[in-house]
Every structure is written in C-alpha cells, then in structure tokens.
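Protein chains: 2
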Amino acid sequence: MRLKPDCIICNLSIVLRTLKIISKDEEFLFRNMKKAVDSISLVNVEQFPPELGGIVYKTIIESTKVRDPYKYIKRKQNDLILKNYSNFRKSVLNSKNPLFEAVRFAIIGNVIDFGINKVIDFTKDIKDSLEKEIFINDYRLFKKELEFSKKILYIGDNSGEIVFDKLLITQIKETYPDKKIIFVCREAPIINDVLIEDALQVGIDKYAKVMSSGMKLPGTILKYANKDFVNELRNSDLVIAKGQGNFEGMEEEAIENIFFLLKAKCNVVADYLRCNIGDLVIKRGEY
Amino acid sequence: MRLKPDCIICNLSIVLRTLKIISKDEEFLFRNMKKAVDSISLVNVEQFPPELGGIVYKTIIESTKVRDPYKYIKRKQNDLILKNYSNFRKSVLNSKNPLFEAVRFAIIGNVIDFGINKVIDFTKDIKDSLEKEIFINDYRLFKKELEFSKKILYIGDNSGEIVFDKLLITQIKETYPDKKIIFVCREAPIINDVLIEDALQVGIDKYAKVMSSGMKLPGTILKYANKDFVNELRNSDLVIAKGQGNFEGMEEEAIENIFFLLKAKCNVVADYLRCNIGDLVIKRGEY
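Chains as they are written, first to last, in the numbering used here: chain Y, 54 to 340; chain D, 54 to 340.
Just to be clear, a hint being listed does not mean it is correct.
You can't tell identical chains apart in this list, so a pair holds if it fits in one copy or across any two.
[Claimed, not checked] Under the rule of at most 30 Å between Cα atoms (straight-line distance), these lysine-lysine pairs were calculated in the DSSO-like manner:
hint : residue 1 : residue 2
1    : Lys136    : Lys180
2    : Lys87     : Lys276
3    : Lys77     : Lys197
4    : Lys177    : Lys318
5    : Lys280    : Lys129
6    : Lys124    : Lys232
Simulated from the structure, these hints should not be mistaken for lab results.
Working from the sequences, and respecting the hints, build out all of it.
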C-alpha cells in the first residue's frame, strides 16, 4: 500500500505526540515540528507509509538526541498487560475454540498503538473489541495453513500488544507442540514498536526464537530488512504479520502463506481494505 | 494568541480537506499537500494562527488556481440555515430574554466552520449546543456596554454562521432601533469565511452597513487590515468579534469594548481560555 496524502498529517501528529513526551516547551516543540515538516520533502507518493513514518521520526530523534522517547511507556504497558495475562489465558482456554479466541485476542491487542491512537487507557478499547466479530475473516484458511506448517514466522508490531502475541504463540505451541516459531522485532526504537527487549520482558523467548528484522521503520519493508530475516521469511511455511505497518509494507510482496492480523485504525487502511475504522481483520496476502 | 505546534497539523488538515473538494486524485492531493507543507517554513512561533492558515491556504489556491473551493458549499449552507431562520427567530422571541437568546444563537452558530470541524451535518451540533450553558460568560458586561453604545462593529466569521449573526443583529436593532451597526467580512475567499457576497445573500445589509476588513486570512490581524476598517474599529463604541480566528488575531490588541463570541473548537484555544472543547464563550477583551 502506497502513501496517501492523509499519511502526512497522521505522521506529523505522531511526531508532535512524541515531542510532547520529551518536553512541553513550546519553542522546542515548534522548532522540532518544523524540522519534521521539512523532512517531508524527502518523500514521494510511490513510497510506503512506514517510510514516511521513519523519516519524520528519525528527524526528531536526531534533532532532540532522545533515542527512545517511549522507553518507559513501553515497559509500563508491557507490565500492565502482563498483570492481566492469566485472565486473558483463562478466557482463551474457557472459550469454545481456544485457538480462534487466541487469534482474536492477538488482533484486539493491536489496538495498543501510540502511533495512531492517542488513547493511553486502552482497557475500554479492548473490552469493546471483545464484543466485535472479525470483519475480514480468513481464519479457516489460516487454521488450515497453520496445521500444515512446520515453521512459523511471527512479525510483531507494538509493545503492550506483544503480550497478546505471547497468548497466541502459547496457544499455538500447546495445540501443536512441534511447530517452530520465530518472533520478529524491529531493530531500533521507533514509536512504541516491539524491540527484542520487549520480547524478553514478556517472555516470548520461552516459546519462540526471537530475532530482529533489521527494521528501523514502523513497519516491515523487505528492501530495508536484514538478510537473516529475509532468509527466515523465505524458509517459513506460514507468516503472521501483525498490525498496519507490517501490512502497509508487505501486502504487495510475493510472500506465500502470509496472514495479516490487524485492527483497521485509520481511514487510509480502512478504505484500502474496504472496511471501517475499528474493524478486526485476518487477511491472507493476495500474492 | 500566538501559534502553537498543534496549529501546523490543524492547518494541514484544513488544506487536505480543501484539496479534496477540488479533486480526489491522489497524485494531485499529494503534490499540493507537499507544497503546503513546504510553505510552513515561512512561519515562525511569534506569528498568529490565522497567519499560518493564510500561508498554507494561499499556497494551494495559487497552485491549484481554484480561487474559492468552498463557493458552492458556502452558498448552500447559507440557504439551508436561512430556511430555518423563522424558527430560530421564533425561539428567540418566545424566550424569557430574547437578546440573551440571540447572543447564545450567534455563539452556537459558530459551530459551522469547515476550517476546524469536519462535520457538514451541523444540525446535531446545533441541537446539542442549545442545551449548553455559556461557560465564560461576560454577558452582563456586554449588555451594559451595548446599551451605551451608538456604533457597533460586528466582525463576522463563517458563512452559514452568518445567518445567526443576522438573528442577533436583527434583535439588537429591534431592541435599540437607533444603534448603528457595521458588519465586517473578509476581503478574499479563505476557507468558508464570510465575504460581502454572503452578507448580501442572507440580507444582513438591511440591518447593517456591510464592509470588508481587507483580510485574506481566516481571522483578523490589524497589521493586515485596510484603513477603513481600522478607522471604523477605532470609532466604534462596541466591537463584537465572532469565532476563533478573530479572537486569535485580536485578543492581544488594545481595543476598547471588544467582546469575543465563540465556541472553543480546538484544544489550543480551549487550553488558552481554560475551558473545554465545545464550550460557549462571551469574553470581554482584556486590554
């Protein structure tokens, strides 16, 4: 999916929220916002949304010299959701179809995204989502492919959300103990996207091999990925890609058996998928 | 009130909405958005919000060569609200305090603003506002000053809203037939701000002299205003300034007996006024 004009406004909003985490000083905010604004000239309409996100974010990170403004927030969010982990696990195990329920939780967890949503208190969003049907639902296809896959590559998206990824990964490993799972994180801090430290904090490494894709953008775009990741991607039987950033960067790629699990969070992605903002999506890649 | 970093995002959103009125073509939208983005480098933190609004808007007007993208929308909005004029008039006349009620309607009408609000169907907003108390309420002061004023300068804000300005002006003229009222419009099309043609369309010229301030910005800033307007401003006994743009540009000016009538529509103005978004305000100028 290529950049839309709306992405400019959305990404500048992310930048401003990020800057406000660093300082409330208006001169600081205005000066750094202008630098981010200037960096937009580097982007063209053929690029992918995470490239724009990466450029404006890198601009303010270099300018402010604050490498990871969300560091404390990410750690806190992971802890907060981990506290409720056993309740979520019970819900999954007590449901009629635990694997489907774990998939649904993994999609619902995608609501935790400081990139697009302002909401810090996401508990209401999660509760609301629990009532929702999945709008684009390739679950049956997903289930079938999962059964036949030996090696699964699971590309994470956000911190906090990663606890729900652990819930799904745990469920897959319990249902199919022989499957090999690789959990993929970003390389460098970018908004609240998952890093290897998040995977270790929530204990995903007990169920999956953890690695970096090499990405420094809020999404996955193969031309920027490291070799190890691309090798694993090509050698996996099933790819699970969480969230909008991974969808935006990879849905045009010829990747076999890739399933995008996400919540549509902005009108650009919702229009592209022909769904509404807030809809839950399990979509098999079309290539 | 000086520019805040949030104004950058808000004004780019206005630009994008405006461009989408002209064309839905994505290459067109992206190209013109980038021009608007580039023009932000001309602005500094000491300027007023309507100056930023004027610069980005002028950039796309020059670039697209569409002089007045809101022309049709403005005409339609005026007509639509005019159709309900007699109902609003009855509400005013049947209320306990018709002059106060007319002031309240004039503030509520300020909800009709394509600059900040996306809402085209504003009827719900108007109904909701009718239930609301006025949060910052200098009405008693306003009433007192009005009684003693011979000459009143009334600075309009948006089309559509202008029908509610007519409602208030009519009520003032009925209560005090000897008062002289001047209704002030912008000089050139800027978003959906009032032009002389709007004042003529809704028939304000029957109750007030109609003139332009010379402004080509979405607000009033005296250094850009024409001489006639500044003369009238200095020779008036009471100034009524509608909406955020007039407030943002004039609240620092030493203008005697100026009253700002507005609905707080964004967090920047709401924070500045220490009220909430959506609150209704009658505020006497502090200088």
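Hint check:
1. Taking the shortest alpha-carbon separations for lysine 136 and lysine 180, only the intra-copy value of 16 Å comes in at or below 30 Å, while the best inter-copy value is 44 Å.
2. Taking the closest pair of Cα atoms, lysine 87 and lysine 276 come within 30 Å of each other both inside a single copy (29 Å) and across two copies (25 Å).
3. With identical chains, the CA atoms of lysine 77 and lysine 197 are never at most 30 Å apart, being 51 Å at best within one copy and 41 Å at best between copies.
4. In this homomeric assembly, lysine 177 and lysine 318 come within 30 Å of each other (Cα to Cα) both inside a single copy, at 15 Å, and across copies, at 25 Å.
5. Taking the closest pair of Cα atoms, lysine 280 and lysine 129 never come within 30 Å of each other, the shortest separation being 32 Å inside a single copy and 59 Å across copies.
6. For a Cα distance limit of 30 Å, the shortest separation of lysine 124 from lysine 232 qualifies neither inside one copy, at 32 Å, nor across copies, at 63 Å.
Hints 3, 5 and 6 from the earlier list are contradicted by this structure; the remaining hints agree with it.
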